[in-house]
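Student: Chain U is already provided as a structure; the job is to place chain C on it using the hints.
What follows is each chain in one-letter form.
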Amino acid sequence: MKSETKAYLFTKGVDLIALCRAEALPISEVMLRRELALADMPRETVLAELRETLATMRASVEQGLSEQKSSISGLTGGDAERLCSYAGRALMGEVMANSVAASMAVVEVNASMGRIVAAPTAGASGILPGVLLTLAKTRGWDDDALLRGLLTAGAIGMLIACGASISGAEGGCQAETGTGAAMAAASLVELSGGTPSQALHAAAIALKNVMGLVCDPVAGLVECPCIKRNALGAANAILSADLALAGIESLIPFDEVISAMKSVGRAMSPDLRETARGGIAATPTGKALQRALFGQGEEPERIG
Amino acid sequence: MQNFSLFDIIGPRMVGPSSSHTAGAAKLGHMAWKIARGDVKEAELTLYGSFATTGRGHGTDKALVAGILGLAPDDARLRYSMLLAQEAGVAVRVAFSDEEPDHPNTARIRITGADGKVTEVVGASIGGGNIRITEINGMAVELSGEYPTLIVRHTDVPGVINDVTSILAREKINVAFMRVFRQARRADACMVIETDTPVLERTRQLILEWCPQTTEVFTI
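Sequence lines, in order, name chains U and C.
Reminder that position 244 of the first sequence reads as 244 in the working numbering, one-by-one numbering, no gaps.
Reminder that position 164 of the second sequence reads as 164 in the working numbering, one-by-one numbering, no gaps.
Derived by calculation from the structure, the hints in this document are not laboratory data.
From a predicted model like this one, the values you see are computed outputs, not experimental measurements.
The reader is advised that the hints may include incorrect statements.
To be verified - Residues from chain U that keep clear of chain C, each with C-beta distances beyond 10 Å, as calculated:
| # | residue |
| --- | --- |
| 1 | 120 |
| 2 | 195 |
| 3 | 197 |
| 4 | 223 |
To be verified - Pair ranges (Cβ atoms, derived):
| # | chain 1 | residue 1 | chain 2 | residue 2 | range |
| --- | --- | --- | --- | --- | --- |
| 5 | C | 104 | U | 288 | 20 to 28 Å |
| 6 | C | 176 | U | 11 | 18 to 26 Å |
| 7 | U | 144 | C | 183 | 38 to 46 Å |
| 8 | U | 144 | C | 98 | 48 to 56 Å |
As the list claims (entries may be wrong) - Some chain C residues close to chain U (C-beta under 7 Å, calculated; not the full set):
| # | residue |
| --- | --- |
| 9 | 9 |
| 10 | 15 |
| 11 | 19 |
| 12 | 74 |
Just so you know, even glycine gets a beta-carbon here, dropped at the ideal spot from N, CA and C.
Just chain U, with the same shape it has in the complex (with noise of 0.2 Å):
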């Protein structure tokens, strides 16, 4: 690694701040001087990668809302399509529906053995693109905007995967679609014109909005309750975009708010981290949809 690119390197998020203010770089620009130096590659071939990381991206938003396809468990399918037609009289606003509804889409297209992009995981796959893609429609953002925006949510998630984890197995749904929505929170406020420390401010309200937030899925599968938590992911990352962006500060620092999430992470039964024994998961009719699936009668062949 070459030294003047070693500079860029960061674990936490006061770091990122002192780098930003000391060249007077978004957090995009540090991130993907960082990637450089990580990968010693040009920054064209880093560019290229991601615009191919956001094409497939917004592949699965256009196929999961114009497909009504069902999951291949067949649980699931078609809610993003059904809030789509109801957006135009939303509660929370027409953009906001539109944005939960392509986050759910995307999760329903990962569901039917589609193609996505994991951010950070397959489980919280739909939050940065539903509503980064849904809101450079009403807001102007280009490509090249949503490029920056990819670098910033991927700044937010490398210090959260440093800090605590971005694996339900490890850290329960909190590290999941709490970090999908600290990500898109903070590159929703760089795009917006945000300063660097109001995006940490914005990714520290999206995880203590989920803070403990158990991972419980109903027979193991990535589907039920995991679409519709990336409907409120999608939700809070726009909510804590927004309270940034107003001037709101969380009151505990960004890298304080990692500490704690690891630390209820690791307080969390195992039942309650992708086993799918607690939660949801162990309720009668989650029971009861896992034995439909996998119990008796079901039962694939058996060997050994």
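Tutor: Coordinates of chain C only, in the frame set by chain U:
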């Protein structure tokens, strides 16, 4: 780990629904296909642990089959892989085992080629779409598939590592990671060499030809 890449966080681009049960499984199948050098006439897949219990709901079987047909893990045709196998005339058998594996998401992939040659690969999906191959044709190995990899089966005698690596040196291939495994002294052994640039077929042939102690050479 503090060196997460941007694309570890926003990525991988994959076919759902699960990074471990679908994307990882597809990658495992794809690795087996590469190890078998794309020659797949029959395949027997055995799923263990969580792959066996919830694999169907996550399309683990379809993902593995897509992999052994040579489809990339993010190929949208993954969900139709059973049909594709039929069309390609590849006979596939999927079995679900009760046996307790070392890692909860494990698959054993036994491939028979057109010439009857058998390649057997065991691997695990270790999270986030990442995998670890733990066995090739009965040899215990450990490789991730993140780098181009050269696997050399050889007899444990002095100088054999030197023979292989000097060919790599002449071919200007830089070694990133290298490990040597052996069953017993002077017995069956195996080197796993992860490199920065791909090892070409020519280099593979050179090793087979010039290193008499090597019995099998695979490139990934």
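Student: Of all the hints numbered above, which does this structure not satisfy? Sort the numbers upward.
Tutor: 1, 4, 7
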